[in-house]
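Colleague: If you read the sequence shown in the numbering used here, its first letter stands for residue 226, the second for the next number, and so on.
What the hints contain is simulated information worked out from the structure, not anything from laboratory work.
Cβ pair distances, simulated, as ranges:
id, residue 1, residue 2, range
1, 379, 310, 21 to 29 Å
2, 449, 310, 45 to 53 Å
3, 383, 435, 14 to 22 Å
4, 372, 452, 51 to 59 Å
5, 271, 319, 16 to 24 Å
6, 387, 319, 13 to 21 Å
7, 383, 280, 18 to 26 Å
Ideal Cβ placement from N, Cα and C applies to all residues, glycine included.
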Amino acid sequence: MVGPVRPQFVLFGSSIVELSYSCEGWGATLANLYARKADVILRGYCGWNTRRALQALDKIFPKDATDQPSLVIVYFGGNDSMHPHPTAHSPHVPLQEYIENMRKIAIHLMSLSKKTRLIFLSSPPINEVQMHEMLSDLLGPLKRTNESCRLYSEACLELCREMNVKAIDLWSALQQRHDWLDVCFTDGIHLSHEGNKIVAKEIFKVLREADWEPSLHWNSMPTEFAEDFPL
Numbered sequence: 226m227v228g229p230v231r232p233q234f235v236l237f238g239s240s241i242v243e244l245s246y247s248c249e250g251w252g253a254t255l256a257n258l259y260a261r262k263a264d265v266i267l268r269g270y271c272g273w274n275t276r277r278a279l280q281a282l283d284k285i286f287p288k289d290a291t292d293q294p295s296l297v298i299v300y301f302g303g304n305d306s307m308h309p310h311p312t313a314h315s316p317h318v319p320l321q322e323y324i325e326n327m328r329k330i331a332i333h334l335m336s337l338s339k340k341t342r343l344i345f346l347s348s349p350p351i352n353e354v355q356m357h358e359m360l361s362d363l364l365g366p367l368k369r370t371n372e373s374c375r376l377y378s379e380a381c382l383e384l385c386r387e388m389n390v391k392a393i394d395l396w397s398a399l400q401q402r403h404d405w406l407d408v409c410f411t412d413g414i415h416l417s418h419e420g421n422k423i424v425a426k427e428i429f430k431v432l433r434e435a436d437w438e439p440s441l442h443w444n445s446m447p448t449e450f451a452e453d454f455p456l
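The whole structure should be built from the sequences, with the hints applied where relevant.
Modeller: This is the structure we're talking about:
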């Protein structure tokens, strides 16, 4: 531990989170903007679904930790939404189980402290053609469709409305660009620079508009050692 202690923003999820520091990603953008204001902590795990997340939840977010996060941004759903396969190992999680797993994740995180705020990211769309061209060797017989991403995205958003958790509809946000299929992905699934810019913009919008006390918008947070200047 190094001091002074700053507010902690934890990014928790699968590959969309783990890779958020690459391609000028949304995680890197957050870390840059909140320099000297908050510590942005990456807890991203490629390939994880909500079952795996639940197994590790207590280790990643122990309830007895001295310092609890001020903000947790959560993304799971893309891997859960992959179609089941009778022979190949698949990360698929049935939709109703996914909803209940996300509910458990939210309940655990909300119990960490009164100051801990949440933002859930719904499943973004995919470019199915690009995905099959670039990831067919990796995915093999496993199937992932834009339609399944939509279903899991809508389920996440509905759960967040029910639980009064801030949520970002990535499935719709990325598709607002007319050229989203061409510019938003590196491989049909993972985000390009342009895709990351959209995610960052949506996160900053929530942080700006949320009526949280204290505010977690970067412009409202104190700058560490702001009184110092070079001699």
